[in-house]
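Model the full structure from these sequences, guided by the hints.
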Amino acid sequence: MYGVINKSLRDMVVEQFGEGKWQEVLLRSGVPDDSFLAMQSYDDDVTYSLAQACADEMEIDLSDALRAFGVHWVENTVARQYESLLRAAGSDMLEFLSNLNNLHDRISSTFLNYRPPNFKVKEGEGNHVEILYLSERLGLTPFVEGLLQGLAQRFNQSMEILEIEPQVVDEGEKTLFKVRMG
Amino acid sequence: MIKSDQFWDELQNLFTLVGQIDREGVLVRASPLLAQKCQLDSAGTIQFFEHFKFKRPTAFNGSLSSARESKGELFLGFSDVLGFAIRGQVIDYTEMGLDGLCFVGVPWLWWIEGNTVDGTLTMSDFPVHDVQMDQLFFMSTQQSMVEDLQALNAQLKSAKQDVERANEARQKYFHHVSHEMRTPLNGVISALSLMSDFKLDGKLLEYSQLASKSADRLLEVINFTLETASLESHMKEAEISAFCLDDLIEECLMLARSRSLEKGLELRRSGKRGFSKNYMGRLKLLRQVLGNLLSNAVKFSQSGTITLGASKVESNLPQGDIIEFSVSDQGPGIPADAIDKLFEPFTTGLSLETQHSQGTGLGLSIVERFVDALGGTISVESSVGEGTIFCFNIPLSFAPENAVLESTRVAVREDTPKFSGTVLLVDDHKINLQLNGKVLESMGFDVAIADSGEAAIAHIESKAEAVDLILMDLDMPGLSGFDATQRILEISGMEDVPILALTAHNGGSDRRQAEQAGMREMLGKPMLVEDLRTALLAHLPATLVASKACLGSEATDSLKGDRVEDCASSTDAGSMDEKEGHSMIEKSQAPAGSDDNKAPEDVHVFDRKPIDRLVLEVGIVVLETLVDKFLGESTDRWERLRKAMADEERNIIIREAHTLGSACLTFGLAAAGRSFRRIEASALADGMLPTAEQLSPISEQLGLGIGELQTLLSEQRLQ
Ligand code: HEM
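If you're matching them up, the sequences are chains A and B in order.
Positions 1 to 182 (the working numbering) are the ones given, in order, by the first sequence.
Positions 1001 to 1719 (the working numbering) are the ones given, in order, by the second sequence.
Source of the hints: derived by calculation from the structure; they are not laboratory data.
These numbers come from a predicted model, not from an experiment.
All C-beta atoms in this analysis are idealised placements derived from N, C-alpha and C, irrespective of residue type, glycine included.
Please note: incorrect hints may appear among the correct ones.
Residues of chain B clear of chain A, computed beta-carbon distances all greater than 10 Å [what the hints assert, rightly or not]:
{"id": "1", "residue": "Glu1050"}
{"id": "2", "residue": "Ser1063"}
{"id": "3", "residue": "Leu1523"}
Covered by chain A, according to a simulated footprint, are these stretches of chain B (three or more residues, beta-carbon under 8 Å) [unchecked claim]:
{"id": "4", "segment": "1134-1143"}
{"id": "5", "segment": "1147-1156"}
What follows is the structure, given as structure tokens:
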């Protein structure tokens, strides 16, 4: 994944636990150095190893770590660096989600070989919403969970995740999030 | 639906912003976003081209006709009041039924981003083919990219500083530790040499010799460490200056000349002389490199020719030349397996034993680093029994026309008078021969030397070369100066050759005797350059004096008399008290002899003044060979003195103590010099002879003094 993701992970650890902790995470991950450049593409393994090392270092589950990272990504990285894009992408959660593919797509002209996720949003009855997440990658569902929570906070909306249903796919990952918006 | 309406809808599908402007300039129809932003419904008539201020096209003046003329150009307009900006072009769709002009385009994102607080646009306000959104993303990422790089840069910078600091600290530490180690080591060395005064034999002798050797070697290593530490700063500081390459080469040759002369080696320059331009470069480093290579060549050659070459390599560089330097000798050569290691410190390509007797190979590792710093690479070719050649090419840029040239030592002398011809210098004291030989050489003479009256006569009779003038020491063992003079003047062809006396006893009886022997003039020892010049001018045939201006130019002469005097002084410093008439002491800056009365303990083991002067006069390269020689000779003399004391041979004691004392004072070994003087004095007084016990404290003074002397020399070498 692109350096911007790895950097964000680092910032999360440094902001919450300090530089020392990050160095331990880095050491544990076996990733040789952390001078990530935002616009450079790194092997996915780098991100996975770092996330796993975070979880191990904090003695939490990988999924908890990814969830926390999801929240951090929206609240900090995106909010700080891409505020104008975020604003342009919508003024409430649902509008934003329906624009998210568009947003990721537009980035393609800058990040040439990136593999963005895909989201489908279906509004149901009584504030029920189904969000279908599709990815070429494995294991990032908890990350999306965090992202969704982060988004809800960002738009000052309450959101309850009712169900997370993994779907069967040949490749990658497909998850249906059933949520209720406040 | 009428055609124009159909067309209007099509336009709205294609462009985010569409507006129709009638012939009066009024916005009559607009797509939803534009209508909303311009408040088309609520406001009255909107003069479109007045509603926005247009940054582009530059020539556009806001009128409808001007807009028409600017069709097809980029329009950038903004309205502070509306907090909105537009980007697009003006098109005439009259034939499609749209009267007037049409504006088609998109929101001008950059202006909105930069000038409104909450830019109320959404992604859907930008058609997918509009790259502004992508750009916005790109810019944001770019921004963080720049920050990343800046942060990395700062990290690198501080890491580099850390490394430099650590390096500096390490160097300082090395320097400090080496210094600290040297003092006790000198103690060890002195103690060991004291031990050798006792009659050791068998294993004990073997072990003490081993200890001595190891201690010496250790001292070398420590000196090396010290040197590398200062080398580092030396390289950093070596400044670029303008210089004349011919002069530099002459200077280097001159410095190597006396030593090669003494070993019977020929010293030559090859390659075309007379570089047409002056160069800019790190002169200090280049001088050191050439000096080291030459002195190595001299050191290791027993016979043959040593050649220093410098020539332009064909290149058409506009700002400079590539110069190839080479130093070749016909010495023993270096075995193939030693060549690879040649530039490692302490490697000379010779066996350890020989190496030890001739000094370490530190020089070449310095040379390599300096050549590297000069922008070249040094290479070496050698075959055993035939000789060795060192080569390197370095770029030198042309000095600007009016550059002030860094004066090489030769250049300084250039404006002082030059003599020519051959002077035969006769003195039993080798160091005197060398020092005075250098002085004469620097005046332009070829110098022949003889270390006794007998040798002088042999030299003249061999007719190896014509001698134009002889400088004769009066006080020599064997044939005295007077007798030698008389015999020389009897040799046919020598009747008119001026012979000048050198003596420390410038008294009346000597003077009369010298006159009787046929000597033209008496010169005091130590030899004063002014006196020598005056005498030379008086006695040399005019053809051998290139310029008579010499008397007047003394003030600017780099070879100031008082300095030379002091270098040459000490041979007889002790007997100065006895001098009558014109005493050298008054002219010299109180040489070591002036505190003769002090107890040796009160005198410092080392006095750096004489060395500082010698460095100025003869240069560090020559001085070092002199010191080497002195150290070598002193061991023998010390041995002889000790034996003479044991055997109670008064005359030998006087002679050896005298010579050792003089030599020590010459090289700043003040305390030891003084002690030798005392031994000489007490042997001269007819009473009890001094005993060998008196040598112990001197050994220690010598050990410490020599240590300091060597430190100073290694410091000086790097300056
Ligand atoms: C302006 C804000 C955003 C930017 C610039 C952005 C950019 C990116 C980039 C560069 C990647 C890496 C893809 C790769 O390296 O192959 C990525 C991945 C991802 N993004 Fe975003 N993103 C943004 C907002 C969001 C938001 C708000 C969500 C929330 C739902 C989201 C969901 C994801 C997910 C789930 C991935 C992981 C890729 C995968 O699942 O295969 N992104 N994004």
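The hints, checked one at a time:
no.: 1; hint: Glu1050; result: 29 Å, holds
no.: 2; hint: Ser1063; result: 35 Å, holds
no.: 3; hint: Leu1523; result: 75 Å, holds
no.: 4; hint: 1134-1143; result: holds (count 8)
no.: 5; hint: 1147-1156; result: holds (count 4)
Comparing the model with each earlier hint shows no violations; every hint is respected.
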